[in-house]
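Chemist: Protein chains in written order, with the working numbering: chain A, 12 to 797; chain B, 5 to 296; chain C, 278 to 440.
Derived by calculation from the structure, the hints in this document are not laboratory data. All of these numbers come straight from a predicted model, not from anything done at the bench. All C-beta atoms, glycine included, are put in the ideal place defined by N, C-alpha and C. Do not rely on the hints blindly, as some may be mistaken.
[Claimed, not checked] With the C-beta cut set under 8 Å, the calculated list includes, among others, these residues of chain C facing chain A:
(1) V373
(2) C383
(3) I388
(4) E411
(5) T421
[As the list claims (entries may be wrong)] Just a sample of chain B residues kept apart from chain C, beta carbon distances all over 12 Å, derived:
(6) L16
(7) G38
(8) Y53
(9) G74
(10) R77
(11) E110
(12) D149
(13) Q153
(14) R155
(15) V170
(16) D187
(17) D217
(18) D250
(19) A259
(20) S274
(21) N291
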Amino acid sequence: MQETATASPTVKETLIGQRVRKPDAPDKATGKTRYINDMVLPQMLIGKVLFAGRPHARIVRIDTGAAQKLPGVHAVLTGKDVAELRFGFVRDNVALKDKVRCEHDEIAAVAAETEEIACRALELIEVEYEDLPGVFSPEAGAREDAPQIHDRFPGNKSLAFEFRHGDLAAAEAASELIVDNVFRPHHVTHCCMGTSCAIADFDHNGKLTIWTQTQYPYNYKMDLAPALGIHPGDIRVIQPPVGGAFGSKLDVYPYEPIAALLARKTGRPVKVMYSREEEFKASPTRQAAIIHMRTGCTRDGVLTFRTADVLLDNGAYTSWGPTIPVIMMRTTSGHYRVPVVDFKAQAIYTNNPYAGSFRGYGNVQTTWATAQQMDMLAEMVDIDPLEFHLKNAQRSGEVTPQRSFLRECALVECLETAATASDYSRKRKEYAALRDAPGRYKKGIGLASSIHNAGGAKIHKSDGIGTILKMDDYARVTVITGASEIGQGIDAVITLIVAEELGVPLEHVTLVNNDSDVAPWDVGVHASRTTFIAGNGTRRAARKAKAQILNAAAKMLEESPEDLDLRAGSVVRNTDGAALIKLERVLRQMHFQAEPELVMVTDYYEPKSEPEGAAHVSDHSAAYSHAVHIAEITVDTLTGEIKVDKVTVAQDVGRVINRMGLEGQIEGGLAIGLGYALSEDMRIENGMLKNACFRDYKLITAPEMPPLDLHFIESHCAEGPYGAKGISELPTIVIAPAIANALYNATGVRIFDPPMSPEKVARAIFERCAPAGSGAVEPRLAGTAA
Amino acid sequence: MSETSEKISAYLAPRRLDEALQAMADGDATVFCGGTDLAPQTESGARQYQAKLLNLRRIEGLCGIDTGGGEIRIGAATTISDLRRNAPLAAIAPALVEAAEHFASEQIRNAASVGGNLCNASPAGDMSPPLLVLGAAVELACWRDRAVQVRRVPLEAFFVSPGKTVRRPEELLTAVVFERPADGFVSRFRKSGPRPALEISTVSVALGARIADGRLSGVRVALGSVAPTPLRARHVEAALEGRPLDATTIAAAVAATADDARPIDDVRASAWYRGHLVRVFVEEVLNDVRRD
Amino acid sequence: MMSVETEIRFKLNGREVSLKVPVAMKTLAMLRDKLGMTGTKYACGEGECGACTVEVDGRTVNSCLMYAVDCDGRELVTIEGLRTPEGLHPVQQAFVDHGAVQCGFCMPGMIMQAKNLIENNPGLTREEAQRGLEGNLCRCTGYTKVLDAVEAVVSGKSCGSRP
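If we strip away everything but chain A, and leave its shape as in the complex, we get (with noise of 0.2 Å):
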């Protein structure tokens, strides 16, 4: 680990940049911590749903008699108990179907004493469909014929996005050299070690407490009221701790109002949880995309124009998913400086598995295609792409044609850092020079890089967040906070920055964030935002703290406030440190005086960012980030096996914060890019799913995972805490096509639809180097083997 920067000496000890542990891991480790998946409340029934298990179908006839018979049911509900309770972002779903849309379609649902009731009243319902023909690709989808998902949405037309910049036209005749590829990044799912689950309870008054997993449980409570059709207000949201998320609890999915429904309809507590086999058919994906992109450049390699026309399989219903575009055109705009840009993307409705959000949020899709164009349009100038991609990066100060205004940019910085550290340039040539040459075993290094928002993205009409701060008499200090902890890290930053403005010791710190009537609003755990965000409104309020605290000492010692600190858990003299009274004394006095205070202070931080707005042209995230990855990898050219030998990363993250939650969520995002890379891929025929399993769909597993160099570039983000930007979605999404120009550097095979599995790279070597139409094996065999 390298730290190319620290920050100017002080007399203070400070905190930011160390090592801090996660306040909940020694109850994380020790199995004590009762996760979502773990409670039991008294009283409690066991809802379990019905899923269609086919991809369209009319539903003819549903029996539930017996079902509702079986002793030990306590409900049964069906499509009719809540056919107008349509909820989404354009209310074309529903908790309960009244026509199959796709494989896991909630048909009914049963609430029963134990699961084994529950699942046997599943099985005694009898439902008669009448099956129609499906639409499975959004090419097939798009057609005039096409079947009709649903009524509404006429043609299967779903969210449209366009952007366009500058002159096409123009640009495209400067160019001298243009690349033009499909890229047709594959549907792939979150797989949270713990699986999807709820438990709700309405009281009688009518308001609903839910415990879920949510990443946003505020305008969670906003989304899900319609699918209840009870206020809001009505909604009280906590949030145990979670096995898990990944930006697929980001929106409402039918089993949290199904477990609600079941939970009204019964007067009990209804604890609703998926089976890893319903997690992976019912749970949503990453959505999937064709992307028609073209680069140009001119024979210096100056960018010139990027257009992207994008199909999106919208699957069956309308979640984040298709909204990715959002997200895309800010890449296709904005990695490099492309001065003219044209964008258009469509979701189509299909009878597939419909997507989320998912880590790294469209970027994932679309740096696969720019960063492996950026690599081809390097070869066709005949440079080295370091150099290209140099030649094209932006400086600080620089704005995007969408107005993302770069502040802080470190890209430069990040190119040279990772080139340098891992020898990029002497090795792609040595690699490309022994790519035709015998030998089984090739080696090769690919540099892909991409911007993301790192400052929230204002998609919302606020991206703030809501921080209470109160302190005790004992000098305890507890954060109200709206920031989620889904097990990324935000308790130990929290923690650390409450620390570093108060002088408390670290344990000091207590942090309440998993209850929506107590917390204020924050917009949700997302867009790598949380650090950022929550890391800025805990500093604003521990710093109002320490004012109202410093002046109240003031007084009490006859000193100025400007004179004094808050350290090691006492007031001290800012010249020479020295301790004047104990921090717990001074709260005592305050609180027990003539004219008391209580140190209780309210913050709402709201990031200096524009609305996205529907034009898209906006600053829509107070700040930007950078990364590149370098992959180094070994490839059986035989097997097609890719072995990934080493990571190099540059990433600016502004400032380090606690460099160990840092490092953790670099390196565990950069493993769930490497699965979407090499080996995980969601085996959709005919809109069924047929590798819902550990088995078939495949996880990077601890030997696979590569060594990681890891580069912090500080930046300073004048907007961030401390000078930090939000890191954790850009590890997910570069690493992909780092490994594609890797692969290329070391075979001449180009990968475009992901993932870069053993047989999809043995074929594509193969046909690359058996002459067209011999399909013969063994000249390649005898010249390679051995």
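With the hints as your guide, set chains B and C onto chain A.
Modeler: Structure of chains B and C alone, referenced to chain A:
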């Protein structure tokens, strides 16, 4: 979840083989050892429980590896971990221990039994190809005429189709046996997949033969995941038997795989890729033997 | 509709336990639903993820595949059994210190497997640890900090993180 556990009327964990066989005599027992196949298969509804659930783990003498004599004997309840850690066996049958090395995960290896892996009769079963090239046979025991009766079935005649073997419902697979390989015996195992283990093999290849003066004899080649059952590659064997192990012979053996492998397209791989991998692996193991 | 039950006795985290279990019940369900020991996690139920790893007679197994009846007469150790009167087990402490815990859901199983590997191989290398943990999936950490923690236990080094 569509478990059929309510069909179970009795659970038995006998200590003696004859007790177990008597309990199985009516052919209405579901037997398990580690449960690593039975548990998920019953949970998913792919398999149904029968009236008796019979735990084999307590039967004395059903596990253990005897490498002392001319015949090597591996008790059916021996775990894959036991096999992996057995040094004498590694010297005698390296391909078998190599297959154990790449078998699922440590946790599964600690529970799964050799007998269970064979009885599960998966075309991808990791134990089958190396045992096939060792010329192994399985012992099937049953209770008949008030006594334990044992018959031996060569492993290559044991598998019928995916999940099906010639074992009769009242029979228990008690051991797998093979003759101690002669001097000069070499064996190899190769399995596909970038993960070292935890991989259902897309293709696996095992080779066993004597090598003397650069020629192979007594050649056995076995393939996994390229047909409904693990199988002996007779055409490949014929291309190798008695021939000098040179580039021409190897090329002929590689070409002969097309006559033995009958791969299909499924969710894990296409028929093309399976056929391709068989060729690659056959060439690889032969070149490896040739080099040594 | 439940399967028949049978009485079993075994040692669980050092204490004798006896209870009746349905004969087709798996050890994971027994631990979580019958004994309220929710430290051991369900994440796949098919032995593919390792979140339910427990030790039986000194060897690790997936408790989701192990028939509860097979616990009879044996000795089980679960994640709850690692804590000592002094506090966390050294492997647990190393995972905490090295930032190996994010969402933490896979960690009870991961820690059980890591502890077993270290106990059986005091000179465990990073590569051996990678192989030994291949049956434990983690979606958060990319395993790097897990391996750092295991290495630290083996070498006795600390990383200087703050509580």
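Chemist: Against this structure, judge whether each hint is valid.
Modeler: Here is what the structure says about each hint:
1. Annotation: C/V373 was flagged as interfacial toward chain A, and the flag holds, the nearest CB pair being 4 Å apart, inside 8 Å.
2. With a least beta-carbon distance of about 5 Å to chain A, the hint placing C/C383 at the interface is held under the 8 Å criterion.
3. The interface hint given for C/I388 holds, since its Cβ lies 6 Å from the closest Cβ of chain A, which is under the 8 Å cut-off.
4. The beta carbon of C/E411 comes within 5 Å of a beta carbon in chain A, closer than 8 Å, and the hint placing it at the interface holds.
5. The interface hint given for C/T421 holds, since its Cβ lies 4 Å from the closest Cβ of chain A, which is under the 8 Å cut-off.
6. Not every Cβ of chain C is farther than 12 Å from the Cβ of B/L16; the closest lies at roughly 10 Å, contradicting the non-interface assignment.
7. Some Cβ of chain C comes within 12 Å of the Cβ of B/G38; the nearest lies about 7 Å off, and the non-interface call is violated.
8. Against the 12 Å criterion, B/Y53 falls within the reach of chain C, whose nearest CB is about 7 Å from its own CB.
9. At roughly 32 Å, the least C-beta separation between B/G74 and chain C is larger than 12 Å, which holds for a residue marked as non-interface.
10. For B/R77, the shortest C-beta to C-beta distance to chain C comes to about 23 Å, beyond the 12 Å cut-off, and the non-interface label holds.
11. The beta carbon of B/E110 is not kept farther than 12 Å from every beta carbon of chain C, the shortest such distance being approximately 6 Å.
12. Remark: the non-interface label on B/D149 is consistent with the geometry, its nearest Cβ contact in chain C lying 31 Å away (cut-off 12 Å).
13. For B/Q153, the requirement that its beta carbon stay farther than 12 Å from each beta carbon of chain C is met, with the minimum near 28 Å.
14. Residue-level check passed: B/R155 sits 28 Å from the nearest beta carbon of chain C, beyond 12 Å.
15. Non-interface call for B/V170 relative to chain C: holds, since the shortest CB-CB distance, roughly 27 Å, exceeds 12 Å.
16. With a minimum CB-CB distance of about 33 Å to chain C, B/D187 clears the 12 Å threshold, and the non-interface call stands.
17. With a cut of 12 Å on Cβ distances, B/D217 stays outside the contact zone with chain C, its closest approach being about 38 Å.
18. At roughly 36 Å from the closest C-beta of chain C, the C-beta of B/D250 stays outside 12 Å, upholding its exclusion from the interface.
19. The non-interface label for B/A259 is consistent with chain C: the shortest C-beta to C-beta separation is roughly 36 Å, beyond 12 Å.
20. Every beta carbon of chain C lies more than 12 Å from that of B/S274, the smallest distance being close to 23 Å; the non-interface claim holds.
21. No Cβ of chain C comes within 12 Å of the Cβ of B/N291; the nearest lies about 26 Å off, and the non-interface call holds.
Taken one by one, the earlier hints fail for this structure at numbers 6, 7, 8 and 11, listed in ascending order.
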